[in-house]
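J.: Residue numbers (the working numbering), protein chains in the order written: chain B, 5 to 446; chain Y, 2 to 412; chain P, 8 to 364.
Certain hints may be false.
[Said to hold, decoys possible] Per the computed footprint, the stretches of chain Y lying under chain P, defined by three or more beta-carbons under 8 Å from a beta-carbon of chain P, are: (1) 206-216; (2) 278-292; (3) 313-319; (4) 341-350.
Quick caveat, the hints were computed from the structure, so don't treat them as lab data. We put the beta carbon where it would ideally sit given N, CA and C, even for glycine.
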Amino acid sequence: MLAANGMLEDSAVLRVEGLSTKLDGKSIVDSVSFSVNRGEVVGVVGANGSGKTTLMRTVAGLLTANSGEIVIDGTSFGHASGGASRQERSRKVAYMPQLAVSHPFTAFESVLMGRYPHLGRFELEGSGDRDLAWQAMERTSTVEFANRKLDTLSGGERQRVVLARVLVQQADVLLMDEPTASLDLRHQILTMDLVREEVRDRNAAVVVILHDLSLAARFCDRLVVLDGGKKLAEGTPWEVLTPSNLRAAFGVEGLVEPDPVTGKPHVLLLGSDNSSKEDLVGTGRTVHLICGAGSGRELMHQLRVAGYDVTVGVLGIGDSDREAAERLGLNYVAAPPFASITDEQHEAHLELVKAADHVVLCAMAVGLNNVRNVVAATAASNLIMIEPLERVGDLELDVATGVPDFTDGIADELRRGMIEKFGEIPESTLLFELARSRGEDL
Amino acid sequence: MNRIVNVGLGARFVVVVMVTLTAAFVVACGGSESEATSVAVQPTATVQAEVQAESAVTEVSVSSVPVDVTPTTTASVSATQMPVATVRVTPFAVPEVVEVAHAFDKSRFADIPGIIDASNFGWPRSVETSEGVITLDAPPMKIHSLSLGHSEILAAMVDFDRLTAVYSFFVDEEQSNIAELSVDHKMIGFDPEEVVVLEPDVIIASRFTNADTVALMKSAGIPVARTNLENSALGNVPNILLMGYLIGAEAEAIKLADEIQARMQFITDVLASDVHPRVLSVSKWTSAFAAGSGTTEGGIIEQAGGINAAADSGIEGHQQVSIESIAAINPDVIIVPQPLDGANTFIEELTSNPALAEVPAVKNGEVYYVVPKYHTTLSHWNVRGIERLATLLFPSAFSGVTFEGFLNWGE
Amino acid sequence: MATDFGSSVQRVSTGSTVLRRLLIGTLLLGALTVLVTIVAASVGPFSVPFTHTATTLLDLIGIGESTAKPTEQAIIQSIRLPRIFLAFIVGAALGISGGIMQGLFRNSMADPGIIGVSSGGATGAVIAIATGASTVSTFFLPLFAFIGSAVSMAVVFLIASVGGRFSMTTLLLGGIAVSSFLGAITTATIILTDDLNVQRQIIFWIAGGFDTARWESVQIVAPIIVVGALITIFAARDLNLLLIGEDEARALGVRVTLVRNTLLISASLITGAAVAYSGIIAFVGLVVPHVVRLIVGADHRVLLPLSALGGGLFLLVADTAARIVLSPAELRVGVLTALIGAPFFIYLLVHSRARLI
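Looking at chain B on its own, in the form it has when it is part of the complex (with noise of 0.2 Å):
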């Protein structure tokens, strides 16, 4: 994609390729790469130690970089030292780190600083810049301590002082490490607001590091997952924050449902693995699951996080559900590769069944071979269904339930029948729904 005069040609105004950094030398940023548009608003999320503020600084120009390049705006700043000018690079990122160090400035003074990059070695703020400088303290709402000494003030208030400074460097390029870390409820959002409308008005870009996933999902366009170093995803929030993400990046079990206001995903954290497992709501009480190919994976740990005993019905050897419930130490009906169910292993299916406090049949793909297993769940008194995340359009089947169907309507009938007489719930719902049905009984 090289232009004809050699500058990078590229929509992106950041980015990040391959980019490698070791401190003391351990890797702890491993050939990441990602882009950010102008106007957009990336966010990087991931465990302590997963190497985002590494990363961050790296970007920013604070930590040499190993290998990899970083290319802001059409200039590269390759690993090695050279390229463009410090100030050069300041007028185009800010950066504004995690912890604002306390210092003797006044809070206008030190909002006043990021002007810095803006004026010549012996140049004088003019009356422009504390313009600019007042601006941004009204928009922190840091006007009525401008003019304490910053280490008078609460973290918080530091924080947002370090914010207006920030916005008074006037970057292409923001990077914030965990902005909203001092904050509290409000200012976080507020914050976040701020950080939208900057984005939006000046047509800059942000790159995040955010704590709070819902707060991440709410606000930023797309994330960047880290783990170890290594990105694990990156994508939109819907793509992104998965349960199984949850899992991998930061060992905790989550759900992600719609934020009720802003549609957005919002995280609903379980717990981790290691959670107490007392006064849980699903201590003595007993899930069965039925599923295959994956459905019920995400539900086993969930359901397991939150305290239910679990049972699954009858799994074919190779299926990643087998897999997952093997893992998890699940009771479990087993069958051999490909092979229908047989009578023995159908009368073991419905004792779980009837054991159960709730049978769960997930929306899979069902075929000749595990056709019994929705039979199965019909013996079910008190059965919850969940619906597809997508139903399937019109394909050679008959797909009225929208459930892949490979048995000429056998299962899709059978499903029907239960649909009407249980109705359906989304997956990510059903922990709400088994709680709700708990309060009842209680």
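Given the coordinates of chain B, assemble chains Y and P onto it according to the supplied hints.
T.: Chains Y and P in isolation, oriented as in the chain B frame:
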């Protein structure tokens, strides 16, 4: 300047008793080893008295003390109700055995402060200095002097070998008048332990000696006399006589005193002039220091017929001055008593500075290097400094006068 | 519509701008310095009628003709003025260098000698005095002192750079260690020397003073200090950014390592030059930047130039007092800086505790 007065009478009493006991112990050791042991283990009044009596007997042979003389320790001893005086008198019924080697005028010692019994020229004999009373049993053969001035005086009165050791700065040709004598002498450092190891019979301290050093030496059982040194040559005569008495060199002390007095008289006689030039003694050690009132250099200036210009301008002791201060002091003569290297640099600086061009000393070329050893140590050698300075200040009055060397003190 | 965090608050006054503070401060301190210079040139053990001083000073700046006698002119021109200049420029060096060190180390306890420069200077001077080199030429003492400062600074720098990663904490601790070591050498020299005069010289040199000031001294020391001061003032805005954090400074375009090393080295060298010609003068480098910061704030673009002027003025006042209180004898100026400075500083501490925290 009696330090002890300052610590109160009670303390003084304790010190006197301690010194008496120490003296008794020393006496006992000198007299008889076995008796010394008994003193150590049974320091009761009775035993003490007996020991003193007996040891006194052993000393009679070398003593020229009249029998009926009561030791000066009486006052303090009776205060502790030790019947020393009585006991002591009895066994002294021995005739004079040995006279001192040569006769001298005993009356010269009559009014010397510190001599407790100016009629006692035998042993033991006692002197009182600011360190209290010490009694020596016999002429001290190992004398340790802690100051250069005292060592110079002692060197003039006794064989230099009786001085136990010298210090490193004694060998400096420009600063010390006994440099040649000191070169081949035993030299020690500043650790008090090195002095104790020498086992001197007596230690002579000066007013500059650290109190702790003196206390350490006293606690090691060595008698310490702290004698003054005066800035004026004549003022030092009593100190010289006291030291002569203490070490049994009375005749030599008188001789030294006589010579000092004679030489000073000569200068006084010659200096009939009413003119007293204002002389500034200044040396430069990184910064310049002027010698004001109460300094050796100042005393020499005054005795040589000059006026100490620094003292005249209100400077007390040695004080830092600037070139401008020298201009303000405006002396007729400037003398620089410091080693020649530094002195030459400084004199060059003084004579070339335009700010001093109008100062009479500079204008008239009266800026002199003077040998520091005559001006900075406190001893009879100051007389030499006075003679030379007087010649410098009053060349016509002293024209044709040649000052003879000191009698037998290595000049 | 811009997001607004809260109720709209009136813009409060944030004091005057950098330029105004700098101008007002410079004018005020400059005027005071001129005034004190006139007083300092008029007083001293040698009494010169004021009209003579005044006409001599005016003559020097090309107005009228001096009515003073040649000696008086010489006193003013070759004794008092070089001393005034030296005291002022050394005070300026210590003030500016103290301000830089306090900024670099983010520590108001830092003084110009913090990385061993003063102790190195003292050791160099002690060597010059003890070996007798100081009596050979008047240039040797300052030369040895300056070499001592430079060597100790280099050693502390090496210590802090071991392992390829520079650490300010190691620099500080290395400075303390090297200072202690050099202090021990100085003390040992004082103790072990036989010559009482040498001991006295060392003690006097360490107490600091300007009694030996000559135009030659000013000619040597002034260029070093002026160049060093200009370099540091050139980097003042970068020092501001360093103070809000190294990362922030880098992100705002500062070449942190270059700026920090330049500041450390120039501050140390101007301290070394000052120490070489004045001995160790306590308190100026510690207190003056502090006081200036209390009054004009922490912006180094204002703080450093005004600390220079304030330090120069303070030391000039102290040295003038040192010359006249015991006249014709004089006090060591290092003694007076602490005698005047400490009570004044305590007064400020007590009256502005809230602002200092």
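J.: Now, for every hint given, state plainly whether the structure supports it.
T.: Checked hints:
{"no.": "1", "hint": "206-216", "in the structure": "violated (count 0)"}
{"no.": "2", "hint": "278-292", "in the structure": "holds (count 5)"}
{"no.": "3", "hint": "313-319", "in the structure": "holds (count 3)"}
{"no.": "4", "hint": "341-350", "in the structure": "holds (count 4)"}
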